[in-house]
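K.L.:
Between the sequences and the hints, there should be enough to build the whole structure, so can you do that?
These protein sequences, in sequence, are chains A and B. Add 1 to a position in the first sequence, counting from 1, and you land on the number used in my numbering. Add 6 to a position in the second sequence, counting from 1, and you land on the number used in my numbering.
These aren't lab readings, by the way, just hints derived from the structure by calculation. Possibly wrong hints are sitting among the right ones.
Stretch by stretch, here's where chain A covers chain B in the computed footprint (C-beta under 8 Å, at least three residues) [stated by the list, open to error]:
#: 1; region: 171-177
#: 2; region: 193-207
#: 3; region: 428-436
Cβ coordinates follow ideal geometry from the N, Cα and C atoms, glycine included.
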Amino acid sequence: MNSNRVAAAAVAAIAVALFGATFWFEKMPEGITRGFGAEAFPRLVLGTIVAFALLLALLSRTGESLAPIPAIVYYSGAALLLFMAIVPLVGMLAAMFLFLLGLGYLWGERRHWVLLVSAALLMVAIWTVFVRGFGVQLPQGIFA
Amino acid sequence: MEAFLGGMALLLDPKILLVVFAGTLIGIVVGALPGISGSTTTALLLPFTITMGPVPAIAFLGAIYCAANFGGSITAILVNSPGDPSASATAFDGYPMARRGEAGRALGMSAVASAIGGIFSVLVLIIAAPLLARVAYSFGPPEYFALAVFGLSMVAMTGGDSMLKNLIAGAFGVLLATVGQDLTTGVERYTFGIHSFTDGIEFIPVLIGLFALTELLEQASQLRNRAWVAKLGAVRLPSWDDIRKCSKAIWLSSVLGTFIGILPALGATTAAMIAYVETRRWSKNKAEFGKGAIEGVAGPEAANNAAVGGAMVPTLALGIPGSTTTAIILAGLIVQGVRPGPHLFTEQPLLLYAVFSSMLLANLLYLVLGLGFAKVFARISLIPPQFLWPAVFVLSVIGAYAPNQAMAEVWVAIAFGFIGFFMRRYGFSPAPLVIGLVLGRLVEETLKQSLLIFDLSWGGFLGRPIAMTLFGLTALFLLAPLLVLKLRGRPS
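P.N.:
Encoded structure:
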């Protein structure tokens, strides 16, 4: 499948959806908008994007099919989302510590003690600099 | 002159000295880490400059920008994997030199050429930026709108290989800048009921997502690649013979790099590539290129560092970023409440000259650090990805969270990490999106103001010669590749 045409179709679809969303913007009287409402500029930009997407589709007669995304990328992406899911439960520092261990293991590190020590050192550095130093209040989790 | 001396005097402030030193050190270290470019670093560290105040913040980011280009050459020479994209051309001859046991000589030449290129461009910046600002001082909204559109058209050359894809990404950046309350009417646009979007999307989480988190996902797909690493002896100053051999390449590339850097949206990577080609063209030893020619290291290194000062000229004088990293620095200034542009030269000259002098100092510092500690930086560059990238994620989360202490910003960063990954997969570079995001508000505001001046008639622009010239240049620039193809008789 021509990846450029797939990209052009996706861009056009997103632009059309966002163009549609401008019809739900709050309507204001002419006296306030002075002839150039809040929706005018986004529509102008979206129209330009659709025109560029059409050009891209027309000019891309050939386009390579893309290689599949390696499984490790999905796992890494899932790890980011999992991190976000556990922050409200265990707090940010603990979630970061678990993330450092988890992603390090996922990416091939099998020396558990190296993972543990490096993650612990980084956590101490983060706590010292940001929590103690800058006074950043990190989410504590439900067990705090 | 008074402001310049005042700016130089700021370097006597221990706090400024410390941030410039820290910025230079961080710039070299992260520049040397494969995958972490100068733009990723500035995006990642931007949140930590918020509490610094404008002068130290811009001095810190400027020092990182200067030093990251040099840092990138360390891994380009030793590992054949440029730490920063701008060092790609350095690898062509630097790595072959390292393979034949001349890594120290290559790194020495890289440090000297980088420093000469960098200092030359800062001197040009000191002279050219105020002159350019003086020209732009009389600009009204129509001229500014035309200038911003011209700047946007230059994103066609930024990032990926496809002009159209770059323009689409740039336009999406402009659209992203419309999120939040419209300044004229107060109408909320694209907030989707999310309270934190009311004031617009914050720059910092977007930048962290697009650069640091996207790169994390990219690196995940390249985990199996392992490079041959050259052994590094002592780094040494280039010999007199080396200097004589490379002097033409260094000066030619310094001028080229500065000029290319000044052009909006063309940055250090383009400068280095063009300088490599030109250095080879003007060299007496063409056959040596690609096999370890020392001029092939000197030329690109002088050019990519010269582009740094060049790129700061339109950024500071016009408020139009000259590269991806200057777009991030521009965002940093906006976050600090400073809007770059010609008025800055009359309103805050001390700030500008502090930037100039701190950039000069950074160029001298990385020469010393580069020659003295390249061996240490080379070791840092070999941190395994399974330790480096999880740590980058943790810093990204803190960076996105800390400014507003809001998890919503972390979600934005992660969302843009995924968006950036899919953009890159389909050949869309995140760099034009960032430039569009930074320029978006300026484009909309100046367009609205212009139309109000012209009583809502687009024809009003016809009576503004500077604006029309800039529109003409924009059209010429966008159509030039098509015209060239047409003249050559090739299908597009």
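K.L.:
State whether the coverage of the region 193-207 of chain B by chain A holds or is violated, taking the criterion as 3 or more residues with Cβ-Cβ distances under 8 Å.
P.N.:
holds (count 4)
K.L.:
Examine the region 428-436 of chain B for residues whose CB is less than 8 Å from any CB of chain A, and state whether their number is three or more.
P.N.:
holds (count 4)
K.L.:
Between the region 171-177 of chain B and chain A, are there enough contacts, at least three residues with CB-CB distance under 8 Å, for the coverage claim to hold?
P.N.:
Our answer is that it holds, as 4 residues pass the Cβ test (under 8 Å) against chain A, meeting three.
Of the numbered hints given earlier, the model fails none.
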